[in-house]
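For this one, chain A is given, so just place chain B on it according to the hints.
Protein chains in written order, with this note's numbering: chain A, 2 to 240; chain B, 6 to 308.
These are calculated hints, taken from the structure and not from any lab test.
Ideal Cβ placement from N, Cα and C applies to all residues, glycine included.
One thing to keep in mind: the hints can contain errors.
[Said to hold, decoys possible] Lysine to any residue pairs mimicking SDA-like chemistry, simulated, CA-CA at most 20 Å apart:
#1 A:92 / B:170
#2 A:230 / B:73
#3 A:230 / A:102
#4 B:112 / B:128
#5 B:130 / A:16
#6 B:130 / A:157
#7 A:92 / B:77
#8 A:92 / B:73
#9 A:92 / B:112
#10 B:130 / A:6
#11 B:112 / A:6
#12 A:230 / A:19
#13 B:130 / A:102
#14 A:92 / B:108
#15 A:230 / B:130
#16 A:92 / B:130
#17 B:136 / B:191
#18 A:230 / B:182
#19 A:92 / B:74
#20 A:230 / A:121
#21 A:92 / A:9
#22 A:230 / B:75
#23 B:130 / A:9
#24 B:136 / A:80
#25 B:136 / B:80
#26 B:136 / B:153
[Said to hold, decoys possible] Selected chain B positions facing chain A (in silico; Cβ < 10 Å):
#27 56
#28 73
#29 81
#30 82
#31 85
#32 86
#33 89
#34 94
#35 99
#36 146
#37 147
#38 150
#39 151
#40 217
Given next are the chains, with one letter for each unit.
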Amino acid sequence: MYDPTVARLTYRALLGRRRALILGALPLLLLVISVAVRALTGADDQTAADVLGGFALATMVPIIGVIAGTGAIGPEIDDGSVVYLLSKPLKRPTIILTKLIVAIAVTMVFSAVPTMLAGLILNGNGQQIAVAYTVAALVSSIAYSALFLLLGTVSRHAVVLGLVYALVWEALFGSLVPGARTLSVQQWSLAVAQKLAGGDLVTSDVGLTTATVLLVVVTVLATWYAGQKLRSLKLAGEE
Amino acid sequence: MTTLSIDHVSRWFGNVVAVNDITMTIGPGVTGLLGPNGAGKSTLINMMGGFLAPSTGSVTLDGRPVWRNEAIYQHIGIVPEREAMYDFLTGREFVVANAELHGLGPKAAQRALATVEMEYAQDRKISTYSKGMRQRVKMASALVHDPSLLLLDEPFNGMDPRQRMQLMDLLRRMGDEGRTVLFSSHILEEVEQLARHIEVVVAGRHAASGDFRRIRRLMTDRPHRYLVRSSDDRALAAALIADPSTSGIEVDDTEGALRVQAVDFGRFTELLPRVARDHGIRLLTVSPSDESLESVFSYLVAA
Chain A
2 MYDPTVARLT YRALLGRRRA LILGALPLLL LVISVAVRAL TGADDQTAAD
52 VLGGFALATM VPIIGVIAGT GAIGPEIDDG SVVYLLSKPL KRPTIILTKL
102 IVAIAVTMVF SAVPTMLAGL ILNGNGQQIA VAYTVAALVS SIAYSALFLL
152 LGTVSRHAVV LGLVYALVWE ALFGSLVPGA RTLSVQQWSL AVAQKLAGGD
202 LVTSDVGLTT ATVLLVVVTV LATWYAGQKL RSLKLAGEE
Chain B
6 MTTLSIDHVS RWFGNVVAVN DITMTIGPGV TGLLGPNGAG KSTLINMMGG
56 FLAPSTGSVT LDGRPVWRNE AIYQHIGIVP EREAMYDFLT GREFVVANAE
106 LHGLGPKAAQ RALATVEMEY AQDRKISTYS KGMRQRVKMA SALVHDPSLL
156 LLDEPFNGMD PRQRMQLMDL LRRMGDEGRT VLFSSHILEE VEQLARHIEV
206 VVAGRHAASG DFRRIRRLMT DRPHRYLVRS SDDRALAAAL IADPSTSGIE
256 VDDTEGALRV QAVDFGRFTE LLPRVARDHG IRLLTVSPSD ESLESVFSYL
306 VAA
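One chain only, chain A, in its complex shape:
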């Protein structure tokens, strides 16, 4: 179910082009903000939670998820080079699963690691805040990667759609419309973080059980459906 060659090609495509710069820019920004906040206000648990929850988890993780998830397959489908994977005796779900694993790994490295570092800078992991948000970043990396990989498989406008989801749905609607929060990867991962952080610093609108079930269901369904779509992918000809 995992093909090392597909993985290698995907890693090189993801980390080789300008994508790597964009992937690196947001984590760098997070670290710069963290250093500045720490220098200006000193170590404060609430501030740490605000920065990690407001920027890292609400903005950085979904954007990195969009770049890695759609980038793991979208460009190949767009330019037609996916034909070199499809014209092989390889199960389509194997291609999708491999690309999902790569997307998850890249998203985790570029989002969870800087989140942890930022948390340590902000308040030295006081009240377990750094750990809690790092786990939330890890958990949401999985769901985002699966969602955006599916998006990259079915749409030519995957990056735009993904960003709209990440920024409009998760960030805007999520904070304005209470119902939308139940259907938000961010809230699900916050439910996990809530259990780890001390006090009331991390809160989620969704219960842990619901959140876990939804995370698993979304990840599995998106991956399965992407595999099905790839099986019947039509490669547009030149005509």
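Relative to chain A, chain B alone:
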């Protein structure tokens, strides 16, 4: 012996019929799929390669379906028309990756690179390759698993004459080895030089099938139409119609020209300047009015 069977295959996109009820059998040796641009060749090749489902009908390779059957790619090598191919890899890395995806090692990749004579540039990035080099590396990636069926979509597009000859030699060799090789082209001369057998597709329909010589004859024997302007159209018309190579002449007063229909192309092209000189008539315009590939092909459809 590998046989690709296309059985009553149609494919439409919305209201547009791209391929219309085509039935053909492609056997060992080199077959050319000939047709003007937009005739449905790429759609047909995509269906042969399992990248597009026929709307109706079936495509089978030795009885096994091609669509949604990944295992079939053990026997098929595909050279797509599109350029994109992991440009950030070197030629060697690309072909090795293709070998690995078939469960093969670097040896198979090296052999394929040698076959297309690309070893000299194998460690350069694909993004630095010329069109012909890309085409050869694509070819190597398609040959890496020693397939019995080779599908090539417009493989000669954009190649210079030397590269074209090299690729033709290679394909000829593949055909002689007993492989089933099918390539598409919209250029008659290309197909004629390479293919023993040709299939002609025009406007989504199967227009002709068979030995290239027979089809070539059909194409050259068709009536040719010319638009001629001269210093004395009527005198020229009278002199031309006396010769059997001319089958009809219309004096088009509004255009101020003659519309000449010639049956014997070779004879007519000699006749026209000689007749004009003998009668002291100056030729002002001689232009073939139906030399477009489309009209050549549509003549075939009617034949």
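Where does the structure disagree with the numbered hints, that is, which hint numbers, in rising order?
As far as the earlier hints go, 1, 6, 9, 12, 13, 15, 16, 18, 20, 25, 26, 39, 40 are violated by this structure, in ascending order.
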